[in-house]
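Enquirer: Here is how the chains run, residue by residue.
2 protein chains.
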Amino acid sequence: MANISKKKATIYDLSILSGASASTVSAVLNGSWRKRRIKEATAQLIQNLANEHGYTANLQARGLRSSRSGLVGLLLPVHDNRYFSSMAQSFEAQVRSRGQCPLVVSACRDPEEERKVVETLISYSIDELFIAGATDPDGVHKVCEKAGLKHVNIDLPGTLAPSIISDNYEGARMLTQAIIERAQEDGPLSPDDLYLFGGRNDHASHERIRGFRDVKRALLGADPDVCIQPTGYSPAMTARAFEAFYEGHGKLPRAFFVNSSINLEGLMRFLALHPHETFADIIVGCYDYDPFGSFLPFPVFMIRQDSEAMITKGFAILDADRGPPITHLVRPTLVPPRTALTGPLDALKDIE
Amino acid sequence: MANISKKKATIYDLSILSGASASTVSAVLNGSWRKRRIKEATAQLIQNLANEHGYTANLQARGLRSSRSGLVGLLLPVHDNRYFSSMAQSFEAQVRSRGQCPLVVSACRDPEEERKVVETLISYSIDELFIAGATDPDGVHKVCEKAGLKHVNIDLPGTLAPSIISDNYEGARMLTQAIIERAQEDGPLSPDDLYLFGGRNDHASHERIRGFRDVKRALLGADPDVCIQPTGYSPAMTARAFEAFYEGHGKLPRAFFVNSSINLEGLMRFLALHPHETFADIIVGCYDYDPFGSFLPFPVFMIRQDSEAMITKGFAILDADRGPPITHLVRPTLVPPRTALTGPLDALKDIE
DNA sequence: CTTTTCTGCACAATCGATGGTGCAATGACT
DNA sequence: AGTCATTGCACCATCGATTGTGCAGAAAAG
Numbered sequence: 156m157a158n159i160s161k162k163k164a165t166i167y168d169l170s171i172l173s174g175a176s177a178s179t180v181s182a183v184l185n186g187s188w189r190k191r192r193i194k195e196a197t198a199q200l201i202q203n204l205a206n207e208h209g210y211t212a213n214l215q216a217r218g219l220r221s222s223r224s225g226l227v228g229l230l231l232p233v234h235d236n237r238y239f240s241s242m243a244q245s246f247e248a249q250v251r252s253r254g255q256c257p258l259v260v261s262a263c264r265d266p267e268e269e270r271k272v273v274e275t276l277i278s279y280s281i282d283e284l285f286i287a288g289a290t291d292p293d294g295v296h297k298v299c300e301k302a303g304l305k306h307v308n309i310d311l312p313g314t315l316a317p318s319i320i321s322d323n324y325e326g327a328r329m330l331t332q333a334i335i336e337r338a339q340e341d342g343p344l345s346p347d348d349l350y351l352f353g354g355r356n357d358h359a360s361h362e363r364i365r366g367f368r369d370v371k372r373a374l375l376g377a378d379p380d381v382c383i384q385p386t387g388y389s390p391a392m393t394a395r396a397f398e399a400f401y402e403g404h405g406k407l408p409r410a411f412f413v414n415s416s417i418n419l420e421g422l423m424r425f426l427a428l429h430p431h432e433t434f435a436d437i438i439v440g441c442y443d444y445d446p447f448g449s450f451l452p453f454p455v456f457m458i459r460q461d462s463e464a465m466i467t468k469g470f471a472i473l474d475a476d477r478g479p480p481i482t483h484l485v486r487p488t489l490v491p492p493r494t495a496l497t498g499p500l501d502a503l504k505d506i507e
Numbered sequence: 156m157a158n159i160s161k162k163k164a165t166i167y168d169l170s171i172l173s174g175a176s177a178s179t180v181s182a183v184l185n186g187s188w189r190k191r192r193i194k195e196a197t198a199q200l201i202q203n204l205a206n207e208h209g210y211t212a213n214l215q216a217r218g219l220r221s222s223r224s225g226l227v228g229l230l231l232p233v234h235d236n237r238y239f240s241s242m243a244q245s246f247e248a249q250v251r252s253r254g255q256c257p258l259v260v261s262a263c264r265d266p267e268e269e270r271k272v273v274e275t276l277i278s279y280s281i282d283e284l285f286i287a288g289a290t291d292p293d294g295v296h297k298v299c300e301k302a303g304l305k306h307v308n309i310d311l312p313g314t315l316a317p318s319i320i321s322d323n324y325e326g327a328r329m330l331t332q333a334i335i336e337r338a339q340e341d342g343p344l345s346p347d348d349l350y351l352f353g354g355r356n357d358h359a360s361h362e363r364i365r366g367f368r369d370v371k372r373a374l375l376g377a378d379p380d381v382c383i384q385p386t387g388y389s390p391a392m393t394a395r396a397f398e399a400f401y402e403g404h405g406k407l408p409r410a411f412f413v414n415s416s417i418n419l420e421g422l423m424r425f426l427a428l429h430p431h432e433t434f435a436d437i438i439v440g441c442y443d444y445d446p447f448g449s450f451l452p453f454p455v456f457m458i459r460q461d462s463e464a465m466i467t468k469g470f471a472i473l474d475a476d477r478g479p480p481i482t483h484l485v486r487p488t489l490v491p492p493r494t495a496l497t498g499p500l501d502a503l504k505d506i507e
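Protein sequences, first through last, are from chains A and B. Positions in the first sequence are counted from 1; adding 155 to them yields the working numbering. Positions in the second sequence are counted from 1; adding 155 to them yields the working numbering.
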């Protein structure tokens, strides 16, 4: 309320008002004033003036001078998916609590876009970067490297920077075992009763497929290659794969493993076009957790990846500085059907 | 590959390499060189050098000088919710296509946090701000105003800046009518068979409740106040409300309107604790669209808000500059049960 | 051949904050 | 009183880009 001025106050304005020099004002306002032996009284005076005039530092100027910006980036494949959006939510909270500013951007799983986006972030002198689910983590790594930007990979590992990923193999094993056991309650399960849909040529998919196949072979004795149906991370392609299977067999597999909630959306598209009988007794495992996906009209086992822990670990690694390009595994958890987990939203105060 | 140097090239580096002055280099690289009558040959030379050395402008320096940053902000209540995350997705795409950089942040529906976050954004000299679902849009407006920052409200209207919101009244009418008609297929519906859960003291909730009540009164003749159960935007509170109703009545209402997908998550939490019979024949309307929510084991009518159109309209208003603080309504669409709509993800190329 | 008009560019101030350096005033000590 | 350490602060270069201004040389006009 104090200033009618349209422009934001700068340290020079406060310098004039207080009679002190700009550098003194700067020191007071950025907290380094004790080191600079500024008198307490002077500091008080300046701080009062600053409050009165609603001073806030120009972070571009600060960033320019100090070649740091207080920005921490998170590169995502996409936003509108519960896994990544809850990762964004945890990321924000943690960045904020460290007094920095989160910058969340998506690059649509396009390697070229990924590099371009990171170039842009670098132009803003971001301090650190989390690279989540990048199609080409090592390509992004090189860009970061050239700019001296500290970074970690999340969710999909690279070979050149430290990576923190879900233990996809173990997760897939748990999930596969769960759906097999559940399906066997309804009668013996043969190897062609169990399929896997989704995924593509990335590390996560490979590991999940490996876990799936290992458990399936162990429990069912075999795993014909036709039972693995990679469809990429696209609802449309996944729907097509279900449709193709359905045309060939007149029904869906009794049980199947879906590689991600994005692929599970493909199943929804298929379902929308078919009557309820089509899927009355299927058993589904989905490698991702979605609170509504868990309550579909058939049993859906899900895997909840611990994105919060992954982010935490990421900061730990960045803080440790120059960790080796090791891959850290974070254990996900199996979520039985019809389960509503709490999420980051629950941390919010929402009275009334 | 050309430079082994660790540091990023600046216009001064290129100035030395090219023999031209820094200002010439700057003009060439920012496109203003024709206006400055730089020879084509000179421009070419500099551009080649720039490519060779992987030059990218330091956007903090540019921003400092020009007091613009190329950043466009989107303030969200939360990330991990399909409505807001798909808004973030559309926002990103549109900002990118305008050659700017999106900055998406959430403020957890906390008015104080909202203002603080916006202060931070202002410190980075963002050029424009979209304020989505703010608890206190006018409080945020004042902060923006003081900094001369152009902004619009999305989803929840303010009185001081142009707002673009969903036509909540009409949407609620459509939704209410749909669930009433569907419920009546199973036999006559009395006024206490139809409830509304969720929402709080904000404009959207008011309008939705108004629409609900108007249609309910028109079609069912009455609407006892007890049928309106505001629970805030919290899954936990919503679950508690369902639990309370269930304890009192031994069942859920035959049909009910849920104010948002966040509240629908509260319903999931309730369901998780009760056997299937509890909700075998309920009819639900949810004011929000979620692809999995649409396939729950009971009919769920949903409202899809057109966040893409809202963002587009927002840019139109900002471009027009100084629009009056009018509220623009965007019509949402009714989504019948078991419907899988396409979303921003479908724009992605995902071959293989 | 001189005067005017363009061309093509260099110079220097500037955006706001930071941090090294230096210096006057004060107090402590011999 | 003279030396020295300490306190408290001002000065100034600097980060990398933008932009108004000015000026030399070439071309055009007279």
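No lab work stands behind these hints: they were computed from the structure. Take the hints with a grain of salt, since some may be wrong.
If chains are identical, the list can't say which one is meant, so a pair holds when it fits in one copy or spans any two.
Restricting the straight-line Cα-Cα distance to at most 27 Å, the calculated cross-link-like pairs of lysine-lysine (DSSO-like) are [said to hold, decoys possible]:
#1 Lys163 x Lys468
#2 Lys162 x Lys271
#3 Lys305 x Lys406
#4 Lys301 x Lys190
#5 Lys163 x Lys297
#6 Lys301 x Lys271
#7 Lys468 x Lys301
#8 Lys190 x Lys406
#9 Lys162 x Lys406
#10 Lys297 x Lys194
#11 Lys406 x Lys194
#12 Lys297 x Lys468
#13 Lys406 x Lys297
#14 Lys190 x Lys162
#15 Lys468 x Lys305
#16 Lys468 x Lys406
#17 Lys162 x Lys305
#18 Lys297 x Lys271
#19 Lys194 x Lys162
#20 Lys297 x Lys162
#21 Lys163 x Lys305
Enquirer: A separate judgement is required for each hint: does it hold in the structure or not?
Expert: Status of the hints after comparison with the structure:
In this homomeric assembly, Lys163 and Lys468 never come within 27 Å of each other (Cα to Cα): the closest approach is 38 Å inside a single copy and 29 Å across copies. Taking the closest pair of Cα atoms, Lys162 and Lys271 come within 27 Å of each other only across two copies (18 Å); inside a single copy the shortest separation is 34 Å, beyond that limit. Taking the shortest alpha-carbon separations for Lys305 and Lys406, neither the intra-copy value of 50 Å nor the inter-copy value of 55 Å comes in at or below 27 Å. For the identical chains of this complex, Lys301 and Lys190 are neighbours neither inside a copy (34 Å) nor across copies (33 Å), given an alpha-carbon limit of 27 Å.
In this homomeric assembly, Lys163 and Lys297 come within 27 Å of each other (Cα to Cα) only across copies, at 14 Å, whereas the closest approach inside a single copy is 39 Å. In this assembly of identical chains, Lys301 and Lys271 lie within 27 Å of each other by CA distance solely inside one copy; the values are 14 Å within and 34 Å between copies. Proximity of Lys468 to Lys301 under the C-alpha cut-off of 27 Å is restricted to the intra-copy arrangement: shortest distance 24 Å within a copy versus 39 Å between copies. Taking the shortest alpha-carbon separations for Lys190 and Lys406, neither the intra-copy value of 74 Å nor the inter-copy value of 67 Å comes in at or below 27 Å.
Proximity of Lys162 and Lys406 under a CA criterion of 27 Å is satisfied in neither setting, with 67 Å inside one chain copy and 60 Å between copies. Neither within a single protomer nor between protomers do Lys297 and Lys194 lie at most 27 Å apart by alpha-carbon distance, with minima of 47 Å and 35 Å respectively. For a Cα distance limit of 27 Å, the shortest separation of Lys406 from Lys194 qualifies neither inside one copy, at 81 Å, nor across copies, at 70 Å. Within a single copy, Lys297 and Lys468 get their C-alpha atoms as close as 22 Å, which meets the 27 Å cut-off; across copies the closest is 39 Å, which misses it.
In the homo-oligomer, the alpha carbons of Lys406 and Lys297 never lie at most 27 Å apart, since the shortest distance is 47 Å inside one protomer and 59 Å across protomers. In this assembly of identical chains, the alpha carbons of Lys190 and Lys162 never lie at most 27 Å apart, being 31 Å within a copy and 30 Å across copies at closest. Proximity of Lys468 to Lys305 under the C-alpha cut-off of 27 Å is restricted to the intra-copy arrangement: shortest distance 14 Å within a copy versus 38 Å between copies. Taking the shortest Cα distances, Lys468 and Lys406 never come within 27 Å of each other, neither inside one copy (44 Å) nor across copies (45 Å).
When the C-alpha separation of Lys162 and Lys305 is checked against a cutoff of 27 Å, the pair qualifies only between copies, where the shortest distance is 14 Å, while the shortest distance within a copy is 35 Å. In the homo-oligomer, the alpha carbons of Lys297 and Lys271 lie at most 27 Å apart inside one protomer (12 Å), although the nearest pairing across protomers, at 35 Å, exceeds that limit. Proximity of Lys194 and Lys162 under a CA criterion of 27 Å is satisfied in neither setting, with 29 Å inside one chain copy and 38 Å between copies. Taking the shortest Cα distances, Lys297 and Lys162 sit within 27 Å of each other only across copies (14 Å), while inside one copy they are farther apart (41 Å).
Taking the shortest Cα distances, Lys163 and Lys305 sit within 27 Å of each other only across copies (15 Å), while inside one copy they are farther apart (32 Å).
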